[in-house]
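**Q** Please arrange chains R and C on chain D, whose structure you already have, making use of the hints.
Each chain, written out:
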Amino acid sequence: MTADAPEITSVAIPPSLDEAQKGTSLWKDAWRRLRRNKLAIIGLINFVLITLFCLIGPYFVPYQSGEQARSLQSCRPMEPIYARIQERKGKIVRTDFIPESKILDENAFITVSKEQRDAGLAQLKRGEPLKAGRYTYQISARKHLLGTDALGRDLLVRMMHGGRISIGVGLAATAVSILIGVVYGAVSGYLGGNLDIVMMRIVDILYTIPFTIFVILLMVFLPPSIFLLFMAIGAVEWLTMARIVRGEISALKHREFVEAAVSLGLGRLHIIFRHLIPNVLGSVIVYSTLTVPQVMLLEAVLSFLGLGVQPPMSSWGVLIDDGAKTIETTPWLLLFPAAIFSLTLFSLNFLGDGLRDALDPKSSKD
Amino acid sequence: MLKFIFHRLLQLVPVLVVVITVTFLMAKKAPGGPFSAERKASPQVIERQNAYYGYDKPLPVQYFRYLANLAKGQLGPSTTYPTETVNQVIARSFPVSLQVGTLAMAIALAFGVPAGVLAAVRKNTLLDYLPMSFAMSGICLPTFVMGPVLAIIFGLWLHWGNVAGIDQAENTWLPPIFLPALTLGLFYGAYVARLTRGGMLEVLTQDFIRTAQAKGVNSLRIILKHTLKGGLMPVVSFLGPAFAGLISGSFVVEKVFNLPGLGKEFIKAAFNRDYSLILGTVVFYAVLIVVFNLLVDVIHALLDPRIRH
Amino acid sequence: MPLLEVENLRTSFHTRGGVVKAVNDVSFSLEAGETLGIVGESGSGKSVTCYSIMGLIPMPPGKIEGGTARFNGIDLLKCSVRELNRIRGKRISMIFQDPMTSLNPYLRISEQIMEPLLIHEKLTRAQALKRAIIALEEVGIQDADRRVHFYPHEFSGGMRQRVMIAMALIGHPEILIADEPTTALDVTVQAQILDLIRKRQRDLGTAVIFITHDLGVVAAFCDRVNVMYAGRIAESAKTTDIFAEPLHPYNAALQRSIPALQSKDAELFTIAGLPPDLARLPKGCSFAPRCNRAAPECSVRETKLQEMKPGHATSCTRIQLGEIASLKSSVCKS
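Chains as they are written, first to last, in the working numbering: chain D, 3 to 368; chain R, 29 to 337; chain C, 349 to 682.
So that you can see chain D by itself, here it is in the shape it has in the complex:
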């Protein structure tokens, strides 16, 4: 009864050549979708700005990252700073810097009456020099935009240099994880069979191990270095990448273009690297964008625990750790590094989500 009544048929019109020639339309399309996603674009711009801030910012700040000023410990952000100039025979022999919060501790202010003290302070604030004994006090041009830390180092410039390390480690470790994850996933997915099962089972097992412990062990037992740090982090963050690539490759390998390549007698490696991997590029880009913040997080945790970036280098994790120690007295030392770190994570996560929606509309979660 049903066998002799097939589906209603209709002739498909072949797509016009015009459409077929638009080879890049996938990427154009993705870019168009990404541009519509305001959060993602804000994320992208923000991340670029933060990176530029860290890379070229130090050239616009008159302080070095390691430069310590003993007398300028724990300045508040934008705190006025006074110069104490010691002269002998008309020559300046010594200049010290005193933050406003400590100026009243100076001898010149302690030994005088309250009226004189207020008058002196007002005079200083007007920008006029104040002579007291062998010292001349004068308001200084020196300004620490975000204040200084417990060693008198400028926080702004430390944040810039710390950002270089944090972002650098984030990108380098992600690159390592892409390399391992893509190759592992591609091999597992393409070769398939029992090898695939075993390789994916290994990934499953590794997933459940808290890798922070292993990275900690590595950092403890091996001489600490930044190279080791990003290698270690990269070596543990490749699992999800491997899973995603494997899933896509094993779906792709039965497609016609791969079978065509096989029938042409091309080698396995050639097929994997020239025909399959380019096709999973979209997912790799998306997931890499989401890996960078995870890697930065891990680096920051390690540095926070004192096991990551070692002095004299610093990273945002180190700065946050420093800030957290003195949170009661100098909360800005925690606030600013934490803010820029979280802002970077926000930017990258929004960009990653946006890229996922743009490159793979099906997997988007709305």
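No lab work stands behind these hints: they were computed from the structure.
Note that the Cβ used here is the ideal one computed from N, Cα and C, for glycine as well.
Treat each hint with caution, since some may be false.
Claimed, not checked - Just a sample of chain R residues kept apart from chain C, beta carbon distances all over 12 Å, derived:
| # | residue |
| --- | --- |
| 1 | F32 |
| 2 | A134 |
| 3 | V177 |
| 4 | K296 |
Claimed, not checked - Straight-line alpha carbon distances no greater than 30 Å define the calculated DSS-like cross-link-like pairs of lysine-lysine that follow:
| # | chain 1 | residue 1 | chain 2 | residue 2 |
| --- | --- | --- | --- | --- |
| 5 | R | K151 | D | K40 |
| 6 | C | K438 | R | K253 |
| 7 | R | K257 | C | K470 |
| 8 | R | K253 | C | K631 |
Stated by the list, open to error - Covered, in the sense of this in silico footprint (three residues per stretch, anywhere, with C-beta under 8 Å from a C-beta of chain R), are these stretches of chain D:
| # | stretch |
| --- | --- |
| 9 | 150-164 |
| 10 | 215-226 |
| 11 | 299-308 |
| 12 | 318-324 |
| 13 | 347-356 |
**A** Just chains R and C now, kept in the frame of chain D:
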């Protein structure tokens, strides 16, 4: 089911052996030792110490001796705490970590699941955007940022909880483990919320939801009876990695809140190169993780009948 | 008075590419106990018509733009969800195309079959279970008292469709809507499922709306047929008339494209071109660009379903105006 559990337990043996061996070798091959670090002890003292702890024997001997002791449940003496064995250190510090972790997990699920369900059911409305923005903030404000911030707000400003650790417990009405647990719980709750939303949305678009609607099932029952089980699958899968994350997280919050938990002991041991304590802790963590993951698999199988067969 | 009367139903989907007019001014009625077939290609609006009646259109992006669907004095398109839920699954129920995905994989069959009884008839679980087992036996599932506790994945596709039928009919509904219930099944199983639906229909006196793209099924199964094209009804008639005397070129062309009715060595007949984009419907008759009997006026004149003989209506303006006398000859010619 029992067979399934037994099989999984068997699979764990090689995992544990690999973990132990790798850690053991890493510890032994590393430059520096427990007695070479800060205090400049005389060579004789170091030698005597090494002999006392058996660190002068050839590596294979040490290794098999360690395995033999392990089989008896003995993790050996600690070099950081000369009066205690590793077992005692763990027994003293782990309960603190366990309490924090359990409470954190409870907070994560109690916040994350309802928020995710709400966001999925009211997709693209304020009730979706609001909890999801909070979730995004939770992910981007890591524990070592959130911890100090919570410490300031609740400890220093409100005086609801103390932040100086259990030892110097002032009389505050929040238990000392609450703030650390909240710090961890909010972070993982954010993940749970996002996963729940994704899982619920996935299930809500399935054909069988339409079948239920066609049967006249009301929307509350559709969510609770037809969607929740499947929608929570991603969360169940996340429990394993979340547990691993809680362990790493305990390192951070125990430092921030000065709690005498196992995480703090582990970091201390790592700094002091206390081999037996490091090894013991790692082995302990490994067993814990393995058992927990088995539990997760069992929950998975209970929720999804297709896995059971 | 008909059991269900649908008038001027219009349903559209608001997508980024524009407003897709999936169902455009559809009217029909269903008498108690009869079987109405709705035939058409994919995208012709046959499923959306029934989903609209059942309140199963996802909104947004879907929207019911207008019309009524009167069932027992209640307009199903405008009543509250609460009211609709008292009717759905109890007085009107539905089975779907793909039995593999239409049953909830996380719940036992028993839970799913008992559900209509628990929510509509307020039975106890024990009573409901008894009825569920009987219902499974009635759709030919052996060993039902054991298998009722199975999960869906433990059944084959055909068995699952039997479960779906048992579930849909367990409350003895007045109307059963079957949305291509055999499309996803093996050919051998298809006939069994159709026989089962017909048998249960006779036992219970249920009216059936049968959605299909399979003219053969229509011929064997339905009392009356609506042929749909591009969201509209092209022709509506008794099944015998649809085949004996097609009054719309689309219906005629459909019948010509059944391979078994074509001579063996001739090239298979197909309808040239593609159905129109429902977001950009052409003016006039939407079938005109593919119609071999189209006149220039066809792409200008608005179409409207009009009864030519008692119970036989067409939307072809050329037939309505008498410009074409008969379409039967074209079938014979091939």
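**Q** All hints are to be evaluated individually against the structure, with a verdict given for each.
**A** Status of the hints after comparison with the structure:
Every beta carbon of chain C lies more than 12 Å from that of R/F32, the smallest distance being close to 17 Å; the non-interface claim holds. No beta-carbon of chain C is positioned within 12 Å of the beta-carbon of R/A134; the least distance is around 24 Å. For R/V177, the non-interface assignment is confirmed: its Cβ lies about 40 Å from the closest Cβ of chain C, beyond the 12 Å cut-off. R/K296, annotated as away from the interface, keeps every beta carbon of chain C farther than 12 Å; the closest lies near 46 Å.
With a C-alpha separation of about 19 Å, the suggested pair R/K151 and D/K40 falls inside the 30 Å cut-off, and the hint holds. A hinted pair counts as satisfied when its Cα atoms are at most 30 Å apart, and C/K438 with R/K253 qualifies at roughly 19 Å. A threshold of 30 Å between alpha carbons decides the hint, and for R/K257 with C/K470 the separation of about 24 Å falls inside it, so the pair holds. A distance of roughly 48 Å separates the Cα atoms of R/K253 and C/K631; the hinted pair therefore is violated under the 30 Å criterion.
Coverage of the stretch 150-164 of chain D by chain R is violated. Counting CB-CB distances below 8 Å, 0 residues qualify, and the rule asks for three or more. Only residues whose C-beta sits within less than 8 Å of a C-beta in chain R count toward coverage, and the stretch 215-226 of chain D has 8 of them, enough to reach three; the restraint holds. Taking a C-beta to C-beta cut-off of 8 Å, the stretch 299-308 of chain D contributes 6 residues in contact with chain R, enough for the three needed, and the coverage statement holds. Only residues whose C-beta sits within less than 8 Å of a C-beta in chain R count toward coverage, and the stretch 318-324 of chain D has 3 of them, enough to reach three; the restraint holds.
Closer than 8 Å: that is the beta-carbon criterion, and the stretch 347-356 of chain D has 4 residues meeting it against chain R, so the requirement of 3 holds.
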